[in-house]
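First to last, the sequence lines map onto chains U and E.
Going by our numbering, the first sequence opens with residue 1, and the numbers climb by one from there.
Going by our numbering, the second sequence opens with residue 1, and the numbers climb by one from there.
Note that these hints are calculated values from the structure, not bench results.
In this text, a Cβ means the ideal position worked out from N, Cα and C, and glycines have one as well.
Please note that the accuracy of each hint is not assured.
[Said to hold, decoys possible] Reference excerpt, derived from the structure (chain U facing chain E, CB under 10 Å, subset only):
#1 68
#2 72
#3 75
#4 85
#5 288
[Stated by the list, open to error] Derived SDA-like pairs (lysine to any residue); straight-line CA-CA distance at most 25 Å:
#6 201/E to 85/U
#7 201/E to 123/U
#8 201/E to 119/U
#9 350/U to 236/U
#10 201/E to 236/U
#11 350/U to 273/U
#12 201/E to 86/U
#13 201/E to 176/E
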Amino acid sequence: MITLREVSARVGDFAVEDITFDVPQGAYGIVIGPTGAGKTTLVEAIAGLVPITHGMLTLGGSDLTRAAPERRRLSLVYQHAYLFPHLSVRENVAYGAVGANVVAEMLERFGLGEVAGRNVRVLSGGERQLVALARALARRPEVLLLDEPFAALDPRRRVVVRRELRTIYFERRFTVLQVTHDFHEAGLLGDVGVVLDRGRVLQAGPPEELFRRPASPVVADFIGAENVLAGRAQPIRDAEPDWAPGADAEDMEHAVAFTTGPITIYALGHVIPGTAHAVIRADEIWLARAAASSSVRNQFQGRVLELSPAGAITRVTVDVSGIPLVAAVTTRSAQELQLAPGVEVFAAFKATAVHLC
Amino acid sequence: MPTLPLITTDTPARESRLEPILSVLVALAASLFLLFLVAPLVGLVGAGGLRGLRLLGSDSELRASLLLTVGAATLATALAIAGATPVAYALARGRFRGRALLAAIIDLPLLIPHPVAGIALLLVLARGTPLGAALWTLGLQVTGSVTGIVCAMLFVSAPLYVSAAREAFDRVDPRFEGVARTLGDTRWRAMRRVTLPLAWKGLLAAAIVAWARAVSEFGAIIILVYHPRVASVLSYERFTAFGLREALPVAAVLVLLALIPLAALRALRGDDLLPQRRR
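Isolated chain U (complex conformation) (with noise of 0.2 Å):
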């Protein structure tokens, strides 16, 4: 487990500060942040290796916020890989391995067999990072650290080197933090996500909730989500129970206007009135040729601007009123619907789709 409690470090001038978060034991973190947000910074302070100036760490319950990096029980993993150049293979594996069995085991699971003996000069940048693994994971740590681990790989050894330590992480359930700029990482692997940006902390929760309830436009627009609007907000009287008399108003979602140019989306939410953000993601919107009758709170008619097919995902960008609305629909659905540029279309999603902040 990893529990940072207002921790903040410094390297030269740049430092992280006030982060708290946490990862149980046995789960998975991912910390997202823009290049220069401190991720690297921060997971170096964890491992020891740039002094805690304030705060709290604790890894596995005890307290090592002033703790030698050697007694943290953790392995690191940068996206260069650093191994040792005057090693070969097997001897960079074995550096702080728990015993000639698990150098042999690594080897062999992480298909180096052939490679062992070589000088690491010669690997290519897939198999210097498979060694990095290997070394890191030969010495049994109970806390894995890996700053942008896949950053470096071409996508086909990409998916290998994570599926290989997908597999060892199911099998042990040691306590992982990996930092990455690729928010596709956190869906894909993390329990945790930490949003990390200019040395603070954005928001921290379960990944889903990052990519649906964004605390900022910023954690939205950096996440990815394709439609954050600026507006204002007004709670609405709809319909009971939302205000029904003796209700507690503070617990409940209320019926919001948000209006934003000349169009009115209809959302829930606990907002206060005036000036705000909604976020809602291009693959919770609908796309339709005529107008649905349906349980679907907002429906908008406009005009296809642009097509942006990748793969199976077609992104539509639709002029609803003059705003850009991008929808995500699969590219068999905007051929048979015989989207194109110019034609008119009608864009729907639910007021539980959109998320105000």
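Chain U is already provided as a structure; the job is to place chain E on it using the hints.
The following block gives chain E in isolation, referenced to the frame of chain U:
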């Protein structure tokens, strides 16, 4: 119809006409510079090299002087390695207050005239000073002794070692040590298992440079120690006492001696004497 600005090609054309002349001028300046550096050394070795080598067999004073020079320089280099390596490491890795000032102080002996360095050492290490008296009671006489020669050599060569060793450590990414520490190494163990093996070529090159500098020292040594005579002092003495003809062989032998560290450095850097064919 709008008029388009004319694109002139006058300047590049003029430059291309001047290019051959510029090339000749640059080549001439470089040749003169190389001639200035090489001619005295080649002249010296040519005039006294063979006689110097022959003298090595017959002139016991020259032999003793060379042995003393090489021995004292080796000892000074060993002391520099022992004392200055941690300093170089601290300067490369440490983020402490006063680091820049410490680096500047260590560089200072490189910038002062070497007789001044000798005078400074004399002020601290002469028998009449507290430190010199303490050393005397320990049986270490600095002035007029091998100890003084080693001190003078160490003073002028150690800063070069620190500077080059610091560069060698700088070239090793600290994250290698970081990874080693997360794999269970203490700071010292990580340094021994990772940093030193990665920096050893640079450290050895630093030691060779320091040794070469120590061998060639004259100004600081002659203030502290006239006897026993190192090779540079012997060559000076023979020049002043017997003239150029007697000084030439000793001086030529010193130039030939300097080729040893030069060759070692080149071998360490993997430089070839002949250009490699391009693949």
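Item checked: Hint check against the structure, violated hint numbers in rising order -> Hints 5, 10 are the ones this structure does not satisfy, whereas the remaining hints hold.
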